[in-house]
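**Student:** Letter by letter, the chains look like this.
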Amino acid sequence: MKIVKKAQAGTMQSSDLMVFLEPAETLTVTIESTVVKQFGALIRAKVDEVLEKHGIESGEVRITDRGALDYAIEARLETAIMRATEG
Amino acid sequence: MAAFKLRRSLLYVPGNMPSMLQNIPIFNCDSVIIDLEDAVPLAEKDAARHLVKRFLLNYTDRNKELLVRINPLDSKWGYEDLKVVLPAMPDGIRLPKADTPEIVERLDTLLTEFEEELEVEIGRFGILPSLESALGVINAVGIANSSERIFALAFGAEDYTASMEIERSRGGEELFNARTRVLWAAKAKGIQAVDTIFADVSDMEGLRAETELAKRLGYTGKCLVNPRQIEVVHDVFAPKEYEVEYALQVIEAIKRARQLGTGVIALGGKMVDAPVVKRAARVLRTAYAHGMVDTLIDEEEIHGAQ
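Those sequence lines, one after another, are chains A and B. The numbers in the numbering used here rise by one with no breaks, and the one at position 54 of the first sequence is 54. The numbers in the numbering used here rise by one with no breaks, and the one at position 154 of the second sequence is 154.
Just to be clear, a hint being listed does not mean it is correct.
Computed cross-link-like contacts, BS3-like style, restricted to lysine-lysine with a CA-CA straight-line distance of at most 25 angstroms [what the hints assert, rightly or not]: (1) K83(B) x K53(A); (2) K45(B) x K46(A); (3) K45(B) x K2(A).
Think of the hints as simulated: they come from the structure by calculation, not from any bench.
Please take these sequences and the hints and turn them into a complete structure.
**Tutor:** Written as structure tokens, this is what we have:
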């Protein structure tokens with residue numbers, strides 16, 4: 001799937017995250033988190049896994065994490081991808 | 001009739017809040033109703049159902065009944081809610097605005113289709129219809145009989161009072177007829193009746209009084225809006241020590257009666273016969289579920305050998 005428009009999903013509540021997607025030529029992922037030192041690599045791995053599952057190869061992906069668990073990261077990213085890829 | 005399942009407390013959890021969803025495993029309520037309807041803003045319906053699906057798929061070590069309140073079937077979200085959430089295997093669906101038997105039949109058909117598609121047992125997903133309008137209350141009997149998936153009827157007073165164009169009072173006198181009608185329909189069908197929410201989380205006395213009223217009428221459970229309400233509700237629905245003691249005496253008395261070749265006997269000056277035994281059996285089943293007695297009473301003790 002291809003990111004064709006700007007979209008976001010999630011909230012700034014604790015245990016949640018905000019995902020921002022924008023069309024771009026290449027793929028960039030930036031992660032901002034209160035726990036980035038401890039969990040940055042794990043969050044990144046989850047994000048990569050979900051992007052790959054949906055065949056997203058390009059776009060700007062920004063994550064603001066508020067201590068979300070894996071299931072929430074997956075869900076919010078999924079929602080953002082659906083919102084960003086629908087015509 | 002389905003196996004006895006304790007459903008004293010059914011706690012609503014907003015579907016779009018990870019911080020609440022994640023606590024579901026540690027809440028000590030009997031059932032949880034994850035809400036995709038009123039607790040989720042219109043712009044977040046898609047987000048909430050994805051979140052609930054991922055949460056449920058991840059919650060493999062399940063320790064309570066998990067229901068999902070979908071959006072009404074005639075809204076543009078209801079069908080999509082089912083499609084996204086059912087593969088994550090909730091135990092059942094709470095159907096809002098179940099005003100007619102036809103609406104419930106439609107859900108029943110959809111659930112059967114999804115069960116076939118998911119290759120799970122037909123009837124796996126239960127239905128808890130919400131009777132929450134004048135029409136729903138009037139149709140209670142038809143609704144109770146509209147699907148074998150229905151394990152209980154739920155009365156929803158907030159929407160009901162809105163449909164009646166009245167205010168809900170602390171004493172709840174205005175709800176009396178509707179509460180009773182929902183109960184009759186449930187009892188006639190042999191299913192449970194679940195009472196409405198009590199919205200004021202800070203008023204524990206009011207919650208206790210309303211729960212006691214519901215129990216006295218015949219309700220066996222209550223919907224809750226906050227985990228702080230669980231303890232009061234469990235306390236009210238737990239059989240009292242003296243009730244359990246008396247129920248045990250009733251069972252002993254009726255066994256003695258049968259040895260004497262009769263179905264009726266006096267206990268402490270009061271007549272004990274079949275209906276009294278039936279009530280005692282119910283108390284003991286609930287007591288068993290609360291861990292207050294060690295053994296589950298069997299049918300032969302209740303009815304005697306043929």
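**Student:** Take the hints in turn and mark each one as holding or not.
**Tutor:** For each hint, the structure was consulted:
Under the criterion of a C-alpha separation no larger than 25 angstroms, the hint pairing K83(B) with K53(A) is consistent with the structure, at around 20 angstroms. Between K45(B) and K46(A) the CA atoms are separated by roughly 23 angstroms; this keeps the pair inside 25 angstroms, and the hint holds. Restraint check for K45(B) and K2(A): the C-alpha separation of about 22 angstroms stays at or below 25 angstroms, so the hint holds.
When each numbered hint is compared with the structure, no violation occurs for any of them.
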